[in-house]
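Protein chains in written order, with numbering that gives the first Met the number 0: chain A, 0 to 194; chain B, 0 to 174.
Quick caveat, the hints were computed from the structure, so don't treat them as lab data. Ideal placement from N, C-alpha and C gives every residue a C-beta, glycine not left out. Please note: incorrect hints may appear among the correct ones.
As the list claims (entries may be wrong) - 30 Å max Cα-Cα, derived DSSO-like pairs, lysine-lysine: (1) A:K89 x B:K146; (2) B:K35 x A:K115; (3) A:K120 x A:K68; (4) B:K146 x A:K82; (5) B:K26 x A:K65; (6) B:K147 x A:K191; (7) A:K112 x B:K35; (8) A:K184 x A:K68; (9) B:K26 x A:K184; (10) A:K112 x B:K146; (11) B:K1 x A:K89; (12) A:K65 x B:K38; (13) A:K120 x B:K26; (14) B:K147 x A:K64; (15) B:K147 x A:K124; (16) A:K112 x A:K82; (17) A:K112 x B:K1; (18) A:K68 x B:K28; (19) B:K146 x A:K120; (20) A:K86 x B:K147; (21) A:K191 x A:K65; (22) A:K82 x B:K147; (23) B:K146 x A:K115; (24) A:K65 x A:K24; (25) A:K65 x A:K189; (26) A:K191 x B:K38; (27) A:K189 x B:K146.
Stated by the list, open to error - Computed list of chain B residues with no C-beta within reach of chain A, every gap over 12 Å: (28) V58; (29) S75; (30) I77.
What follows is each chain in one-letter form.
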Amino acid sequence: MLNILWPIIIIISIIFAIISGNMEKLNSSIFESCGTAIQLSISLLGTICLWNGIMQIVQDSSLIKKITKLLQPIFRFLFPDIKEGSKENKEISLNIIANILGLGNAATPLGLKAMKTMQEKNSNKDTLTNSMAMFIILNTASLQLIPTTVIAIRNSLGSQNPTSIIVPVWISTICAGIAGITLAKIFIRKSKTKN
Amino acid sequence: MKIINYVSVIAIPSIILLILLYAFMEKNKVFDIFLKGAKEGLQIVLQIFPTLVGIFVAVGVLRSSGVLDAIINFVSPITNLLKIPSQIMPLALIRPISGSASLAVATDILNTYGVDSTIGLIASTIMGSTETTFYTIAVYTSAVGIKKIRFVLLVALIADIVGMITSVVLWGIMS
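Start from the sequences, fold in the hints, and give me the full structure.
Here it is in structure tokens:
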């Protein structure tokens with residue numbers, strides 16, 4: 000999609016600048032933007048390396064098993080159709096934990112594995128099952144505990160208090176998550192009574 | 000409000016403390032493991048760098064040419080009705096679609112209106128509490144050949160809007 004959007008945005012902007020006489024501003028903004036990209040990447044480099052390293056410790060120690068156990072009651076509520084100890088149970092748990100820890104790169108392959116396992120047991124191959132629908136909705140909610148990327152941006156732009164957004168992010172995530180889960184549950188119940 | 004600030008300050012140090020304490024007592028080679036993960040982090044940033052440069056330039060010219068302000072003015076009657084600051088709208092629109100583009104738009108908003116201004120704080124909170132909904136749904140369903148996604152897109156987008164409105168309301172109360 001960026002193959003279409005990216006050139007269109009730049010072309011329209013340059014033409015608009017010619018008409019409105021903002022050419023000087025536009026010219027300098029091109030190089031300023033490159034500078035900002037570098038500045039942000041350097042800041043991201045530090046934060047992401049640190050956080051990835053810390054989270055590797057969680058993955059390689061037995062902490063991950065502890066967290067999986069803690070999640071089981073929530074799991075039973077969200078995925079009543081999935082048996083405890085099954086393959087998809089384990090894969091979904093690992094995906095959710097990777098999301099919580101902010102390991103996006105690890106979360107996606109784990110999530111795709113879980114989708115494949117659930118698809119094997121799906122009797123209607125072109126339609127999402129209830130569990131799959133709930134699983135995707137969880138993945139579109141940002142479950143991560145520490146919003147490291149945003150903190151890195153705020154830090155690189157000289158914020159007085161880069162981490163001040165942590166609790167507000169938690170509150171917003173929880174509200175969005177509750178809305179998503181509740182609506183999904185309502186839709187699932189509706190489709191059951193229909194059948 | 001003081002509690003919220005305090006918890007935000009202690010969140011990261013406490014998580015690091017708990018993890019290190021646990022892993023150290025379990026006799027893991029903590030620093031070696033840390034390095035393994037940190038190296039992976041380096042690769043992640045290197046991989047997204049070219050994308051960032053491309054997107055940042057696009058958002059930069061969009062802002063400096065005046066197009067972005069024209070768009071903001073155009074949507075402001077609607078956003079005023081919902082009491083959402085219209086300066087946030089570019090982020091709200093791009094956030095569900097692309098991760099790197101929303102990163103660039105968020106940075107642009109923070110640069111233009113100030114990192115610690117109310118608008119900057121709202122933009123930061125939206126960035127941290129929402130996901131690239133369209134992209135996630137597309138990846139997860141196409142990987143297994145699903146065509147009927149039922150209520151998923153609708154529910155996920157409503158959840159995003161709830162998250163965004165919560166961010167606006169929260170900072171309205173706190174500042």
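* Structure-inconsistent hints, enumerated in ascending order -> Hints 9, 11, 13, 14, 17, 21, 24, 25, 26, 28 not satisfied by this model.
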